[in-house]
Amino acid sequence: MDCLGCRIANGVEPGLNIVYENEYITCVLDIYPFNEGHTLILPKKHYWDVDEMDAKTAHTVMEASQKLAALLKYLYQPDGIRIIADGGKFNDLTHYHMHVLPRYEGDGLLWGEPLRPDGAGERLGETRRRMVEALVEREPMLKKAMDTLEFLSQDAAARMAYDARMKALSDEHSRIESAEEKGRAESSREIAIRLLDRGIDLQTISEATGLSVEDIKGLRQ
Numbered sequence: 001m002d003c004l005g006c007r008i009a010n011g012v013e014p015g016l017n018i019v020y021e022n023e024y025i026t027c028v029l030d031i032y033p034f035n036e037g038h039t040l041i042l043p044k045k046h047y048w049d050v051d052e053m054d055a056k057t058a059h060t061v062m063e064a065s066q067k068l069a070a071l072l073k074y075l076y077q078p079d080g081i082r083i084i085a086d087g088g089k090f091n092d093l094t095h096y097h098m099h100v101l102p103r104y105e106g107d108g109l110l111w112g113e114p115l116r117p118d119g120a121g122e123r124l125g126e127t128r129r130r131m132v133e134a135l136v137e138r139e140p141m142l143k144k145a146m147d148t149l150e151f152l153s154q155d156a157a158a159r160m161a162y163d164a165r166m167k168a169l170s171d172e173h174s175r176i177e178s179a180e181e182k183g184r185a186e187s188s189r190e191i192a193i194r195l196l197d198r199g200i201d202l203q204t205i206s207e208a209t210g211l212s213v214e215d216i217k218g219l220r221q
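Read in order, the letters of the sequence shown correspond to residues 1 to 221 in the numbering used here.
Keep in mind that the hints are not guaranteed to be accurate.
Here are the simulated SDA-like pairs of lysine to any residue, each with C-alpha atoms no more than 20 Å apart in a straight line [said to hold, decoys possible]:
hint, residue 1, residue 2
1, K167, E126
2, K44, N22
3, K56, E23
4, K73, Y104
5, K44, G87
6, K217, Q203
7, K73, E23
8, K45, P33
9, K56, K67
10, K44, V12
11, K44, D92
12, K67, G106
13, K44, C3
14, K44, D54
15, K45, L93
16, K67, A55
17, K67, V12
18, K44, E21
19, K45, S65
20, K67, L29
Worth flagging that the hints you see were computed from the coordinates, not collected in a lab.
With the sequences and hints as input, model every part of the structure.
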């Protein structure tokens, strides 16, 4: 095995202090511990980043982190537990590994501040929107749940507007299907104009018709 992480995870590397293992993962003491009990969790199969792992392995890694955290609390009564894993070029082992270590006040382990702040704290709403939209796109089954949560979190006036928006889109969808069946489908521009008349936002109209936001703006000029 050329990968050091694979050799550690599969018990090939000499001098290991294995705390726990099963068919999926190995938990071994870090040879350069920050604090006593500092443990690494490594999958036995080779992965570099967390998003590459199969669901069973990922679940087993997290389950092991819970067991280790409870164990470290019992043995060392720390002020807290740090659970962290670096990926990409920051993964110095080039094999996925999760650190689980006890923390104490004054131990000198800092989270740190960014060297080049980019104002991310001022864009939290936009960041959340982009992440949720991408998540829903990648996991279609989540869309209905996300729509329901959005609906339930709104006040009465907002829910009425939400219902009106959904009804308008549903009506247009039915009109399109009916027109297509009759062989005389309406143009996207005609549909966009009617949705504008109903007060539907530009982004929603763009998604429903395939027109760009700029094209839709031009319909009213």
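Hints and how they fare:
| no. | hint | in the structure |
| --- | --- | --- |
| 1 | K167 to E126 | 27 Å, violated |
| 2 | K44 to N22 | 9 Å, holds |
| 3 | K56 to E23 | 11 Å, holds |
| 4 | K73 to Y104 | 11 Å, holds |
| 5 | K44 to G87 | 17 Å, holds |
| 6 | K217 to Q203 | 11 Å, holds |
| 7 | K73 to E23 | 25 Å, violated |
| 8 | K45 to P33 | 24 Å, violated |
| 9 | K56 to K67 | 17 Å, holds |
| 10 | K44 to V12 | 11 Å, holds |
| 11 | K44 to D92 | 17 Å, holds |
| 12 | K67 to G106 | 25 Å, violated |
| 13 | K44 to C3 | 11 Å, holds |
| 14 | K44 to D54 | 12 Å, holds |
| 15 | K45 to L93 | 14 Å, holds |
| 16 | K67 to A55 | 19 Å, holds |
| 17 | K67 to V12 | 24 Å, violated |
| 18 | K44 to E21 | 9 Å, holds |
| 19 | K45 to S65 | 18 Å, holds |
| 20 | K67 to L29 | 14 Å, holds |
When held up to the earlier numbered hints, the structure conflicts with 1, 7, 8, 12 and 17 and fits the remainder.
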